[in-house]
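Chains as they are written, first to last, in my numbering: chain H, 2 to 516; chain V, 77 to 400.
Because the hints were derived from the structure by calculation, they are not lab data.
Owing to the predicted nature of the structure, the values given are computational and were not obtained by experimental measurement.
Just to be clear, a hint being listed does not mean it is correct.
[As the list claims (entries may be wrong)] Chain V side only, calculated, beta carbon under 7 angstroms to chain H, not exhaustive:
hint	residue
1	H134
2	N143
3	P145
4	G210
5	A242
6	V347
7	A360
8	K361
[Said to hold, decoys possible] Label-pair restraints from in silico Cβ distances:
hint	chain 1	residue 1	chain 2	residue 2	range
9	V	P228	H	G163	54 to 64 angstroms
10	V	R208	H	A225	54 to 64 angstroms
11	H	R439	V	G380	40 to 50 angstroms
12	H	A225	V	G111	57 to 67 angstroms
13	H	E304	V	V227	32 to 42 angstroms
14	V	I193	H	E304	48 to 58 angstroms
15	H	R132	V	V91	51 to 61 angstroms
16	H	K308	V	R208	52 to 62 angstroms
Beta carbons: idealized from backbone N, C-alpha and C, even for Gly.
The primary structure of each chain is shown beneath.
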Amino acid sequence: MNRRGFLSGAALFGTVAGVGGGLALAGCAVPEDTIPSRGGALRLGMTGGSTSDSLDPRTFVDWVPINIGYQIMNGLVEIDAQGNAVPELFQSWEAQPGAIEWTFKIRRDVVFHNGKTLDADDVVYSINLHRGNTTSAAQGAVENILDVRKLDLTQVRITLRGGDAELPATLADYRLLVAPDGFTDWANPIGTGAYKLETFEPGVRCITTKAGSYWKPDAGHVEAIEVLVINDAVARVNALISGQVDIINRIDGRTADLLKRNKHFQVIRSQTGQYAVFAMNCESDLYGNNDIRLALKYAIDRERIIKTVLNGYGVAGNDQPIPRTSPYYNTDLGQRLYDPDRARFHLKKAGKGGLDVTLQVSEAAFSGAVDAAVLYQAAATGAGVTLNVKREPADGYWSSVWMRAPFCASYSDGRITVDGALSKAYKSTSTANDSRWRRPDFDKMANEARAELDPSKRKALYAECQRMIHDDAGALIPMFMDHIEAGTSKVQGWKPSAIFDFMGQRIGEKVWLAS
Amino acid sequence: MGRLNWRGSMSRLLVQRAGLGLLTLVAISALLFFGTNMLPGDVAAALLGQQATPEALHNIREALGLNQPAWWRYLRWLSGVLHGDFGVSLASGRSVAGALMPRLGNTLVLALLAGVISVPLAVGLGVASAMREGGIFDRLTSILSLMSISVPEFFIGYVLVVVFAANLGWLPSLAMINPGMSLGERLAAITLPVMTLVLVVLAHMLRMTRSSLLSVMSTPYIEMAFLKGLNRSTVVLRHALPNAAAPIIAVIALNLGYLVVGVVVVEVVFVYPGAGQLMVDSVAKRDLPLVQACGLVFAATYVGLNTIADMVAILVNPRLKIPR
Numbered sequence: 002m003n004r005r006g007f008l009s010g011a012a013l014f015g016t017v018a019g020v021g022g023g024l025a026l027a028g029c030a031v032p033e034d035t036i037p038s039r040g041g042a043l044r045l046g047m048t049g050g051s052t053s054d055s056l057d058p059r060t061f062v063d064w065v066p067i068n069i070g071y072q073i074m075n076g077l078v079e080i081d082a083q084g085n086a087v088p089e090l091f092q093s094w095e096a097q098p099g100a101i102e103w104t105f106k107i108r109r110d111v112v113f114h115n116g117k118t119l120d121a122d123d124v125v126y127s128i129n130l131h132r133g134n135t136t137s138a139a140q141g142a143v144e145n146i147l148d149v150r151k152l153d154l155t156q157v158r159i160t161l162r163g164g165d166a167e168l169p170a171t172l173a174d175y176r177l178l179v180a181p182d183g184f185t186d187w188a189n190p191i192g193t194g195a196y197k198l199e200t201f202e203p204g205v206r207c208i209t210t211k212a213g214s215y216w217k218p219d220a221g222h223v224e225a226i227e228v229l230v231i232n233d234a235v236a237r238v239n240a241l242i243s244g245q246v247d248i249i250n251r252i253d254g255r256t257a258d259l260l261k262r263n264k265h266f267q268v269i270r271s272q273t274g275q276y277a278v279f280a281m282n283c284e285s286d287l288y289g290n291n292d293i294r295l296a297l298k299y300a301i302d303r304e305r306i307i308k309t310v311l312n313g314y315g316v317a318g319n320d321q322p323i324p325r326t327s328p329y330y331n332t333d334l335g336q337r338l339y340d341p342d343r344a345r346f347h348l349k350k351a352g353k354g355g356l357d358v359t360l361q362v363s364e365a366a367f368s369g370a371v372d373a374a375v376l377y378q379a380a381a382t383g384a385g386v387t388l389n390v391k392r393e394p395a396d397g398y399w400s401s402v403w404m405r406a407p408f409c410a411s412y413s414d415g416r417i418t419v420d421g422a423l424s425k426a427y428k429s430t431s432t433a434n435d436s437r438w439r440r441p442d443f444d445k446m447a448n449e450a451r452a453e454l455d456p457s458k459r460k461a462l463y464a465e466c467q468r469m470i471h472d473d474a475g476a477l478i479p480m481f482m483d484h485i486e487a488g489t490s491k492v493q494g495w496k497p498s499a500i501f502d503f504m505g506q507r508i509g510e511k512v513w514l515a516s
Numbered sequence: 077m078g079r080l081n082w083r084g085s086m087s088r089l090l091v092q093r094a095g096l097g098l099l100t101l102v103a104i105s106a107l108l109f110f111g112t113n114m115l116p117g118d119v120a121a122a123l124l125g126q127q128a129t130p131e132a133l134h135n136i137r138e139a140l141g142l143n144q145p146a147w148w149r150y151l152r153w154l155s156g157v158l159h160g161d162f163g164v165s166l167a168s169g170r171s172v173a174g175a176l177m178p179r180l181g182n183t184l185v186l187a188l189l190a191g192v193i194s195v196p197l198a199v200g201l202g203v204a205s206a207m208r209e210g211g212i213f214d215r216l217t218s219i220l221s222l223m224s225i226s227v228p229e230f231f232i233g234y235v236l237v238v239v240f241a242a243n244l245g246w247l248p249s250l251a252m253i254n255p256g257m258s259l260g261e262r263l264a265a266i267t268l269p270v271m272t273l274v275l276v277v278l279a280h281m282l283r284m285t286r287s288s289l290l291s292v293m294s295t296p297y298i299e300m301a302f303l304k305g306l307n308r309s310t311v312v313l314r315h316a317l318p319n320a321a322a323p324i325i326a327v328i329a330l331n332l333g334y335l336v337v338g339v340v341v342v343e344v345v346f347v348y349p350g351a352g353q354l355m356v357d358s359v360a361k362r363d364l365p366l367v368q369a370c371g372l373v374f375a376a377t378y379v380g381l382n383t384i385a386d387m388v389a390i391l392v393n394p395r396l397k398i399p400r
């Protein structure tokens, strides 16, 4: 018995069993106050924090510091609940034809916690933190930026290396937060956000309190926010049930189903484009053959994995990274199904009677990866493929297995833009191209689409990009995985996210507590 | 004469132990350093994860001096420690002492409370069972202590959470303590982890007390004491216990050491910000200075407790005071 397995068996049984059959559905269980009430302290129980966390946006790779970052600071552009790029500190923008030169207008009368008024110098400084000779994790995200220049106090011009019609969405990156020009004291970050830092114990907890009046009229409702780092899934659920936190992130499907039965809790489910992938190295002898890749893609039973591993909280992947929720999703591609006959057909075409391969997996790749691989193994047997599942330790997985093993599990968070998803792992130059799939014609088409300002033309080009990946690439994408979060019914104004979870990690300034 | 000899043997033992302890610590620091170095990846890769670009990796390694050979970094670290400087955390840039001390304080509070409750309880119950060997009380403590030692500690923790936090709602399931809390709130917060730890270490000490007492009880001089007409409690407490004490004390020291260094699972279950969690975090991030500092503190705890145990064993056992 392992600790996680014990969770749903006992911890929840003990509590949920006693409560009668209140029927709760995600998001709509709680009648919402129309007027947000102010005040109160919001307590978030989160996984994704460690003792090495820092509030320097250049170091942001995990969810706790990112969430705290958004409490204290603002981004340049925000992604709304529908997934559109909407103004934040950038009030409006305009692109020259070709989408290489962009002019951004900066919001006026926004004041930092130290009393300074926001201007173009702050914005230029904050973007440049991630450019050039930097340790920033966002370096890859902004490498397309050639130059950032101040035009006057309220305008900046951004010049790109290659056109990007969706630059505003690209600039919604969670590391592009705005600090005052020349700011370096990241132990005491200063921003334009609704909250200011009170205490920060890395990997333990963080408290922020309301920083006077906030420039966003409909945000910053609660008086204080406390983030408690609870990396253990069972402990997180226990903390919610025993009333020590108001909201928790990252729960699994089984727990979600149990919590939904209790009317004191609500469960929010978001489809954000986060996907699981089994990556095949296209530069290896075996996986270099597309018939082998196709055989393996037909030998997996996606629906079964979603039902068993995710408890239904997911959508089948179609071996390309753009989710159904995207307006650019290619609807003409048929869904690839479990088809042992076609798998055998492709094996025969590759000159093989059977196939013996090893898939290296770890829970570090995505939660449930080992179970998914074992289910894949069972299905593959029916297609004449012997799939050996090799379980790797989670520690060091990203440096010793991923990008090294010829066939291994990985994942990707949802990306704000289609280009973000394609650049991450499918362009020849991508540092995270874990299937080593390199096609110059694909790169060319993806870059052409990125620079295309006409939406319908862009959509057609991106549809073709998806087809190329679906037909040829080394990424077996079995499923898109929902983000599930849960909280007490006291929390109001809480909606599913279009990107990441916790309302794009801006939940702190958006929700309020019913009085 | 005998008194003097005893003092001499005590101080010789202390010096010997201190020297051996220091050697052990240096060996452990080397093992930890090179062991952690053998793990795949380094702090730069651990920090950037999937999003690493080669340039950013290079810049971090350059800034932290990771491009220098491992033995050179180890020697530099060692000379720093000898000068009382534990360095700064590679991952966060904060001082190692500043990161470790509050965590260590939390761990010691938890261990101390659990120790203060469990040691007298275990020895008392052990003596009581030995006195009533084969009786209902003895059998009951036997069964219960065996049960609590046979299940993993996280299981005990979760059962306590289900009962006391989720169902009854008496105690918090999170054991987070912070400076703003009153003493009462702090005690309430750490009650469940302390209970868990007490249950985990109780059985081992209890059973050792019982069995070493019983083995002494079967010796001729105890029979003699009974024949002299002494009652059972006098025989057990005054005649048997001092001679049975050495193994009991050794087991107590082991368990106290465990309470300080081995409770990371309990820390995770109750989200208690202790030193064990800090060390696990640091290993995952390949943050060598922090790993080293935690390792040294843990090793020093074991060495220190065992030395104390040896000395206490000599103190309570009259025969060991006079060398033959």
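Query raised in the report: Which numbered conditions among the earlier hints are violated in the structure presented, ordered from lowest to highest?
Result: Hint check: 1, 2, 3, 4, 11, 12 fail, others pass.
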